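Participant: Read off the chains here:
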Amino acid sequence: MSKSVLEYLGETKLELGAVGAPVESDWQSGIGEDGIAWLALDRQGSSVNTISQGVLRGLADHLDTFERDTPKAIVIRSAKKAGFAAGADISAFNEMSDKGAEDLLKQGHDVLDRLASLDCPTICVVHGAALGAGFELALACDWRIAIEDASFGFPEVQLGLHPGLGGTFRLPALIGPTEAIALMLTGKTAHTDNAKELGIADVVCRERHVKAAVDAIVAGQMKHEGAGLLARAFTLSTARALAARQMRAETAKQAPAEHYPAPYALIDLWEEHGDDADEMQAGEIASFARLLKSETSQNLRRVFFLRQGLRDNAKGDDGISHVHVVGAGAMGAEIAAWTALKGKTVTLGDVDNEPLAKALKLARKICNDKHLSSAESRDVLDRLMPDPKGYGISIADLVIEAAPEKPELKSKIYADLGEKMKPDAILATNTSSLPLSGLADKTKAPQHFAGLHFFNPVSKLELVEVVAHDSTSSATLDRLSAFCGAIGRLPLRVQDYPGFLVNRALTPYLLEAMVLMDEGVPKEVIDRAAIDFGMPMGPVALADQVGLDICLHVAESLREHLDKPMLDVSDALRKKVEEGHTGKKAGKGFYDWSDGTPHPEHDNEGPDDLTDRLILPMLDACVECLRKDVARSADEVDGAMIFATGFAPFRGGPMHYAKSRGNAEVTAKLLELAERHGPRFEPDAGWSRLG
Amino acid sequence: MTERPVYLVDGARTPFLKARGGPGPFTPIDLAVQCGRPLLTRQPFERTAFDLVILGCANVIADEMNPARVAALRLGMGEKMVAFTTQINCGSGMQSIDTAFRYIREGTHDLVLAGGAEALSHAPLVLRQSAVEWFGEMNAAKGPVAQARAMAGLRPEFFKPVIGLERGLTDPVTTLNMGQTAEVLAHRFGIDRKTADAYAMDSHHRLAHAQNEGWLNDEVMTAFDSDDGKAYDHDDGVRPDNNMEALAKLSPAFEKPYGKVTPGNSSQITDGASWVIVASEAAVEKHNLKPIARIIDSEWAGLDPSVMGLGPVVSATPLIQRNGLDLGGIDLWELNEAFAAQVLSCVAAWNDPDFCREVLGLDQPFGLIDRDRLNVDGGAISLGHPVGTSGNRIVLHLANAMKRRGDKTGVATECIGGGLGGAMLLETIG
Numbered sequence: 001m002s003k004s005v006l007e008y009l010g011e012t013k014l015e016l017g018a019v020g021a022p023v024e025s026d027w028q029s030g031i032g033e034d035g036i037a038w039l040a041l042d043r044q045g046s047s048v049n050t051i052s053q054g055v056l057r058g059l060a061d062h063l064d065t066f067e068r069d070t071p072k073a074i075v076i077r078s079a080k081k082a083g084f085a086a087g088a089d090i091s092a093f094n095e096m097s098d099k100g101a102e103d104l105l106k107q108g109h110d111v112l113d114r115l116a117s118l119d120c121p122t123i124c125v126v127h128g129a130a131l132g133a134g135f136e137l138a139l140a141c142d143w144r145i146a147i148e149d150a151s152f153g154f155p156e157v158q159l160g161l162h163p164g165l166g167g168t169f170r171l172p173a174l175i176g177p178t179e180a181i182a183l184m185l186t187g188k189t190a191h192t193d194n195a196k197e198l199g200i201a202d203v204v205c206r207e208r209h210v211k212a213a214v215d216a217i218v219a220g221q222m223k224h225e226g227a228g229l230l231a232r233a234f235t236l237s238t239a240r241a242l243a244a245r246q247m248r249a250e251t252a253k254q255a256p257a258e259h260y261p262a263p264y265a266l267i268d269l270w271e272e273h274g275d276d277a278d279e280m281q282a283g284e285i286a287s288f289a290r291l292l293k294s295e296t297s298q299n300l301r302r303v304f305f306l307r308q309g310l311r312d313n314a315k316g317d318d319g320i321s322h323v324h325v326v327g328a329g330a331m332g333a334e335i336a337a338w339t340a341l342k343g344k345t346v347t348l349g350d351v352d353n354e355p356l357a358k359a360l361k362l363a364r365k366i367c368n369d370k371h372l373s374s375a376e377s378r379d380v381l382d383r384l385m386p387d388p389k390g391y392g393i394s395i396a397d398l399v400i401e402a403a404p405e406k407p408e409l410k411s412k413i414y415a416d417l418g419e420k421m422k423p424d425a426i427l428a429t430n431t432s433s434l435p436l437s438g439l440a441d442k443t444k445a446p447q448h449f450a451g452l453h454f455f456n457p458v459s460k461l462e463l464v465e466v467v468a469h470d471s472t473s474s475a476t477l478d479r480l481s482a483f484c485g486a487i488g489r490l491p492l493r494v495q496d497y498p499g500f501l502v503n504r505a506l507t508p509y510l511l512e513a514m515v516l517m518d519e520g521v522p523k524e525v526i527d528r529a530a531i532d533f534g535m536p537m538g539p540v541a542l543a544d545q546v547g548l549d550i551c552l553h554v555a556e557s558l559r560e561h562l563d564k565p566m567l568d569v570s571d572a573l574r575k576k577v578e579e580g581h582t583g584k585k586a587g588k589g590f591y592d593w594s595d596g597t598p599h600p601e602h603d604n605e606g607p608d609d610l611t612d613r614l615i616l617p618m619l620d621a622c623v624e625c626l627r628k629d630v631a632r633s634a635d636e637v638d639g640a641m642i643f644a645t646g647f648a649p650f651r652g653g654p655m656h657y658a659k660s661r662g663n664a665e666v667t668a669k670l671l672e673l674a675e676r677h678g679p680r681f682e683p684d685a686g687w688s689r690l691g
Numbered sequence: 001m002t003e004r005p006v007y008l009v010d011g012a013r014t015p016f017l018k019a020r021g022g023p024g025p026f027t028p029i030d031l032a033v034q035c036g037r038p039l040l041t042r043q044p045f046e047r048t049a050f051d052l053v054i055l056g057c058a059n060v061i062a063d064e065m066n067p068a069r070v071a072a073l074r075l076g077m078g079e080k081m082v083a084f085t086t087q088i089n090c091g092s093g094m095q096s097i098d099t100a101f102r103y104i105r106e107g108t109h110d111l112v113l114a115g116g117a118e119a120l121s122h123a124p125l126v127l128r129q130s131a132v133e134w135f136g137e138m139n140a141a142k143g144p145v146a147q148a149r150a151m152a153g154l155r156p157e158f159f160k161p162v163i164g165l166e167r168g169l170t171d172p173v174t175t176l177n178m179g180q181t182a183e184v185l186a187h188r189f190g191i192d193r194k195t196a197d198a199y200a201m202d203s204h205h206r207l208a209h210a211q212n213e214g215w216l217n218d219e220v221m222t223a224f225d226s227d228d229g230k231a232y233d234h235d236d237g238v239r240p241d242n243n244m245e246a247l248a249k250l251s252p253a254f255e256k257p258y259g260k261v262t263p264g265n266s267s268q269i270t271d272g273a274s275w276v277i278v279a280s281e282a283a284v285e286k287h288n289l290k291p292i293a294r295i296i297d298s299e300w301a302g303l304d305p306s307v308m309g310l311g312p313v314v315s316a317t318p319l320i321q322r323n324g325l326d327l328g329g330i331d332l333w334e335l336n337e338a339f340a341a342q343v344l345s346c347v348a349a350w351n352d353p354d355f356c357r358e359v360l361g362l363d364q365p366f367g368l369i370d371r372d373r374l375n376v377d378g379g380a381i382s383l384g385h386p387v388g389t390s391g392n393r394i395v396l397h398l399a400n401a402m403k404r405r406g407d408k409t410g411v412a413t414e415c416i417g418g419g420l421g422g423a424m425l426l427e428t429i430g
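In order, the protein sequence lines correspond to chains B and P.
Everything in the first sequence is counted per our numbering, starting at 1 for the first residue and increasing by one.
Everything in the second sequence is counted per our numbering, starting at 1 for the first residue and increasing by one.
Chain B on its own, in the form it takes in the complex (with noise of 0.2 Å):
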């Protein structure tokens, strides 16, 4: 068949204006008739703009240019459909900061310092996102004009650092500090409309319309907003002195200073230089430099690149458009939601109708959790059949079953699937706590049959374990990866094992917490003590968000199945599940859920060995499953734990920690734990592997 109308027509093209025929160069250009230079971004060898030092260099040589010749304008605006620039190139930052940082920032400084003080209007066109450099470049020209999809923000506080190419005073300077710092300080991102009323954007317009928009500023029709009154007022010391005190409390909150010390870092920076752009500008420099050499800057950069290194697992074609998931408990109903709104089409199977109606509320309110328009949300919704009677079993190309934790329940359902199943379509299991191994032989093609383990909830935790059984097929564990990749997950291959790799490491240190409890410990002082490590919630109330019955399940699972000595499951525990108060989804666990998400506060010291009771047993379970080859690769396992857990990031992951706490007295540490609670903490044999 012949190509549709849209096809043939294609997405709107990009105004480049007068950049003429592409050449190997970061830079497109090219100068009109009418005497405007484009200057279109455009990185060799990758289909998104960075900020390195080579796209610096080429902007300062087409600077030279300008000065010499000044154009009647410049234009200057990505040539890449997937967006602006997303930010400096942070696989250059260790050797940046090995090299002496403050030099090369001391030089970027200067180009785009450059570009700020061209006698010409200088106008940056947005589309997509201008994000950490991006934006800083952005903000040294006269004009910003957004696309529709345009987004703006400094998301290096998620890298430990803030922003390092001016950010810190242009962005101040064009808006005022308040907003400025805050949208620093949270790594927000600023979309069009939002932008506009910021005074970040000056224009918002569809990409037809850039030329107009370009000409419209040229001829002098359009006027800046300014920061206004507010900004003044900030250049009182004592002012900025009371508005910083609010901002630390304020980041306190989220992020205690002594595990994320950048934004504090900026904050001082503002208060103590707030009024002065040139000590700001030096300033910046300077703590740049300093956080860049930072401890958990280095992790949180490798955290970046662990996420990188899953989602290159999940490259290629899944060839599944059509997913059936079966059990609409609160597991299936997020799975199918979440599949639905990344573009599947999803059926979602259950016997009774009011778990079906539940999870489409559900699925509801992550669509407006996830801000998606009106028009958007009722597309995911119409994608998202709930399926009574099961006719989507025998179109789907996959088929994730999220039933109860029952063997003989599983073993009937599959039996049914297997007879309506397309035969070359995919079976998962959803299980957490059952051997495959056992669920295989009673499936129909084992080989297409694997474990497909997401975290709850779906929609925020992004690692997916793809489980492999003996007699997986590697071309289905290699369509399981790139479907992670497609709804936009992490995949994480593991093998068959209880737990698998991360129920197996998480779960030492939920049923620790349980007998600290027995001891008499409270579990505020417990979860107080995760918190202090890193943890974004503590063991206790992670139980709760969990589901207590999920974790007595798997906690009795991996007593049956694992060699080593766990502890016995705390009555406390089974008595929480036999009473239905099974945590955050019955509204209450451990802790009361009904007024949302606890926060455990508490002044009393634990006992002293309390952090090192919970965290431990986890490290050494990740090194069991390495040497058991259930994982990969140290990475990995850092990767998973940090993606599916929450697991202190700015510790860069369990092994790394161990590492850099170093192997060795980690080692003596679990020996003495061992000595004084019991054999549960004898460490690993894999340690010694270690080194």
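Simulated from the structure, these hints should not be mistaken for laboratory data.
Every value quoted in this text rests on a predicted model; they were computed, and no experiment measured them.
We treat Cβ as the ideally placed atom computed from N, Cα and C, and that holds for glycine.
Treat the hints with care, since some could be wrong.
What follows is a list of derived Cβ distance ranges for each label pair [said to hold, decoys possible]:
1) B/D470 / P/E79: 41 to 47 Å
2) B/P404 / P/G430: 42 to 48 Å
3) P/E79 / B/D34: 35 to 41 Å
For lysine-lysine, the following DSS-like pairs were computed, each having C-alpha atoms within a straight-line distance of at most 30 Å [what the hints assert, rightly or not]:
4) P/K80 / B/K342
5) P/K286 / B/K3
6) B/K188 / B/K315
7) B/K370 / B/K588
8) P/K194 / B/K420
9) P/K18 / B/K406
10) B/K389 / P/K286
11) B/K460 / B/K81
12) P/K290 / B/K422
13) P/K256 / P/K18
14) P/K290 / B/K420
15) B/K389 / P/K290
16) B/K389 / P/K403
17) P/K80 / B/K444
18) B/K422 / P/K286
19) B/K460 / P/K230
Go by the hints and put chain P onto chain B.
Facilitator: Frame of chain B; chain P shown alone:
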């Protein structure tokens, strides 16, 4: 006949949901999507395999122009799917099937999705004409003085909206509302209140029985509301314990105090949608389909709007005769229950020698339809009458019920506000 055979392959509908004050959870297109998704999912062919989508809808809401096309796109049937909407009031959902039938019989199409969708609970409030004119003047007024003058013309009654539904159910030519046309027939054919009530009670009992037996399981698809997290799994206007005492207590709805037509013996105001898949022999073979019935023929006829309730008589009679059949040759009837008195008047007319001779040109009365062959699983009185959907539902249910009962030949027919009747003749396969 050398004409190409046309098959009814499958079909599904939403539960019919009684309007309970205020807009219901679904718009017409939402309803069409709710039942269309499972229907298309259970087919052995791709959604894009259809040639055409036709959807009947009498009250198109402002946000949903050409609901057929929007529904087709929302159902993932592809950008190339041609789709149009039919409006012939209460016959809209049958008109869509009839159009599909004729296109396929002609040989231009092979596979058509034909439906009906209506959300009467969403029927708009209509501004009075006088208010519309004032608003126009107000908008056209230039300058403060002219605007002030136009503003002075504002009258409080402009803001008293007219219920669009009420207007829609009133015939503009005779100015009688639909209930009144049933009163005319009840009087003319001597249908008394008690007989009408007994018919209505039966309708509820029959529907309740069909629901309990699971006879509607493949026909009625549960609808899910994601706003409230609620599932709607059955026609909720049904009153299984309906009885004569309760019905007798109701006052006449349209002609007080002496009228015989009450809310209890009239069809209910409801929301609902229904689809059927209509296919050529080539499509049946290509996709290895198992049709439920063959569509043999169809007929439309007109009569004075004040007696529109006899639409079935004037449309079904020539249809049956043309195909060499008589009343005895029809095993099963779906005759849309707009009003009990109207259904009973149709039955009476066919059995009235004078009427049959004078109007239908028959030497003998056409005959008496056995109540056991008429609306065997209830009808619009118990289910409700989403105007643009009912015609589709009665064809679909006729096919399903014939198959279940082992009947050979059946007629689905309806009266149409404005003075029309529509009828369709089906035959089971094999």
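Participant: Please go over all the hints and tell whether each is borne out by the structure.
Facilitator: Right, here's what the structure says about each hint:
1. B/D470 / P/E79: 41 to 47 Å: This hint holds: roughly 46 Å between Cβ atoms.
2. B/P404 / P/G430: 42 to 48 Å: Given range 42 to 48 Å: holds, Cβ gap about 43 Å.
3. P/E79 / B/D34: 35 to 41 Å: holds, 39 Å
4. P/K80 / B/K342: holds, 24 Å
5. P/K286 / B/K3: holds, 25 Å
6. B/K188 / B/K315: holds, 28 Å
7. B/K370 / B/K588: With a Cα-Cα distance of about 26 Å, the restraint between B/K370 and B/K588 holds, given a limit of 30 Å.
8. P/K194 / B/K420: violated, 53 Å
9. P/K18 / B/K406: Judged against 30 Å, a Cα distance of about 41 Å means the pair is violated.
10. B/K389 / P/K286: Holds, at about 26 Å.
11. B/K460 / B/K81: holds, 27 Å
12. P/K290 / B/K422: With a Cα-Cα distance of about 20 Å, the restraint between P/K290 and B/K422 holds, given a limit of 30 Å.
13. P/K256 / P/K18: The hint holds at about 24 Å.
14. P/K290 / B/K420: holds, 18 Å
15. B/K389 / P/K290: holds, 19 Å
16. B/K389 / P/K403: holds, 21 Å
17. P/K80 / B/K444: This hinted pair is violated, its Cα atoms lying about 38 Å apart.
18. B/K422 / P/K286: holds, 19 Å
19. B/K460 / P/K230: holds, 25 Å
The earlier numbered hints that this structure contradicts are 8, 9 and 17.
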